[in-house]
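K.L.:
Going down the list, the sequences are from chains G and E.
Just so you know, the working numbering puts 539 at position 415 of the first sequence, and the rest follows in order with no gaps.
Just so you know, the working numbering puts 184 at position 135 of the second sequence, and the rest follows in order with no gaps.
Since the hints were made in silico from the structure, they are not lab data.
A couple of the hints might just be wrong.
Simulated crosslink set (EDC-like; lysine to aspartate or glutamate; CA at most 20 Å straight-line) [said to hold, decoys possible]:
hint: 1; chain 1: G; residue 1: K395; chain 2: G; residue 2: E410
hint: 2; chain 1: E; residue 1: K183; chain 2: G; residue 2: D602
hint: 3; chain 1: E; residue 1: K183; chain 2: G; residue 2: D583
Cβ-to-Cβ under 7 Å is the rule here; a few derived chain E residues that face chain G [what the hints assert, rightly or not]:
hint: 4; residue: F84
hint: 5; residue: R85
hint: 6; residue: L99
Cβ-Cβ distance ranges computed for the label pairs, FRET-style [said to hold, decoys possible]:
hint: 7; chain 1: G; residue 1: Q507; chain 2: E; residue 2: E81; range: 22 to 30 Å
hint: 8; chain 1: G; residue 1: A600; chain 2: E; residue 2: E81; range: 18 to 26 Å
hint: 9; chain 1: G; residue 1: Q530; chain 2: E; residue 2: G146; range: 26 to 34 Å
hint: 10; chain 1: E; residue 1: C139; chain 2: G; residue 2: K395; range: 21 to 29 Å
hint: 11; chain 1: E; residue 1: P178; chain 2: G; residue 2: K526; range: 52 to 60 Å
Note that beta-carbon positions come from the ideal geometry of N, C-alpha and C, so glycine has one too.
Residues per chain are reported as follows:
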Amino acid sequence: MILGPRIITARGSGGVCLLVATVCAAAVLAGGRARAATTGVVTAVNATSPTRTIPAVLGTTNSSMLLGTTATQMILGMPDRLETTGSLETQLSGTASTATGYGVQPRSSGEQFSTGLSSGKREQASSSSQAVFGPSDAATKASVFGTTNTQSAIDPAGRQAYHIDKLYWMYFWTLASIYVVVLAVLGWALLRRRRNIFDQEQELRAHQAQLREAGEPVRLAPADVVIPRHLEKGPVMVVAAAVAVTVVLLWVFLIGDFATGRTLNALASEKNPLAIKVNAQQWWWEIKYPDEVTTSNTVTTANEIYIPIGRPIRLETQSPDVIHSFWVPNLAGKHDIIPGYPVTFFLQADKVGTYWGQCAEFCGHQHAKMRFSVTALPEDEFQAWLSTQRQSAPSPSTESQKRGQQVFLGASCAMCHSISGTQAMATVGPNLSHIASRSMIAAGSLPNNRGNLAGWILDAQHIKPGCRMPQNNIPADDLEALLDYLESLK
Amino acid sequence: MTKNNGRMRSASFMAFSAAFALICIGGCQREERPFRVAVPYIGPQDGPRLSTLQPGPEMPVKHVRNDYEDNAWVLSEGKRLFQLYNCSGCHFNGGGGMGPPLMDQKWIYGSAPEQIFSTIMEGRPNGMPSFRGKIPDQQVWQIAAYVRSMSGLVPIDAATNRNDDIHPGVQPENSRKNVVPLQSSIPPAAEMPL
């Protein structure tokens, strides 16, 4: 009688719990399946949906970036290059080298390193089952279309990320199955008939009635009414088993963690690493390829890291201001960069492609726009890229470019930026010696095209409020010349 | 008695809360960060004069008010730029070296905001370079505000007490008491060449 309503209430809330749990589990499983579908063979995905429209693109990645570009292009009356046609096959074929991903200026197909993989390699790449991308515009485009995850920890492209991914899925499936088992037991416990308790209550009432008849004092729980042994055994076994499973699982997790940690660190002891210096600052990344033998060969660039595949990369990081965190999910885990405390760590890419990185430690106003990219290339293409970057900035060839150089050196630009081969040698802002070879400006905030560059120079505080780039008041004709010059710095 | 006590206690609590709230409200705009803001305007009659001689009756001196001086963030930006543009290369951290010290009360070319602005923009004889066109106006105003803070000429509650990053750095600007600026005579070596 007393227990009746309680059981009903318990059943009601239990039902709600079960419902919620089932929905959650279904959602998780559906997500897992969706992921499996998207990370499948790229060509297959493209074959089913060869053409995607702009709204779909905006929905997938970097909507603000794309919107910004369109806005700038509309203002400047430039043709809209956002049209999206063709499958990845056509994008990866020869014609795609001049195709432009979201408004990036077309580049000449003569530059092999910047237009990506050679066509032979492209075919090989698309025929393999892996998602392979070059650093080309086509590749950037492909990533924008969501055909692969270029910023995802569960789509590993490097050895470390692969082990982290394995660990993650081990945790996921173990914990998911524990969750399902626990909920199943909970459901069973709520739904089964509780005959024993009713029986005991009947027994108790009968006993109390006996006592009352005999005139003895009525006790609430007589000493002789106990739960029978055979009923107690089951729960004890279940609890013992659960504890044992928990302990075993914790050990498995612990060993898994240690094993993963060891594999991640194993990279440090491998031979022939490539050293890259990363100076993380508010809110961009200075990248240096030091050359110990000939210091003048040191390459300084910003926000776009190029690495060879299959070779460990030693990243020597430091920060001059606040704590940042270096994170390329497709390649490795996060590494905090703490001011006054140089940190060295290793990573390696095993798949050709361009991967997004992001500062993963809140560092002020423009933390969200402190992005960078890592482009993994075959060793020979990487060396070709490096040797191009080693050259001094191209000297201006046209009248307009010459005037642009004078504007650059005479205005406030030269106070913070440097261009190799000129008098501009400041190290406060990004090195602009080969700015035209980069695909993005302002630490991955905007595609590198003429309109965005102009907007950035004139009013960076509107695009990235709080950044270190000041507003500049440059007359229109000077600005045009300056843009001509900057666009010539391949 | 106890009732009275309670009342007094609650009244004093209310008064304390009100005072605390007022103090907090007062601090609201201390660190407002004006990323895009109009710079102080120097009219045709406001700029600093390079000579004390004037034809006719003397015009009253009207100094420009640099609103940046009330803002702690701007002062810390000025400090950052002071290092960044290598002002510290000659003036060191305010103590002076190759250039004159900035944290004392002596001013060769005037202590008013527009005078400092003009010193940075136009340069001065014997060493001070002209930064016109090299540093955007708003940043020059920020640096001018910081320069004045080094000798305690900005409101004490706005004077920065820390850098805007993790390194504490040097802080002459909050170790200086407000001192009366003195116009020193221009040393013969620094006179404008005729």
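K.L.:
Against the structure shown, which of the earlier numbered hints fail to hold, in ascending order?
P.N.:
1, 6, 7, 8, 10, 11
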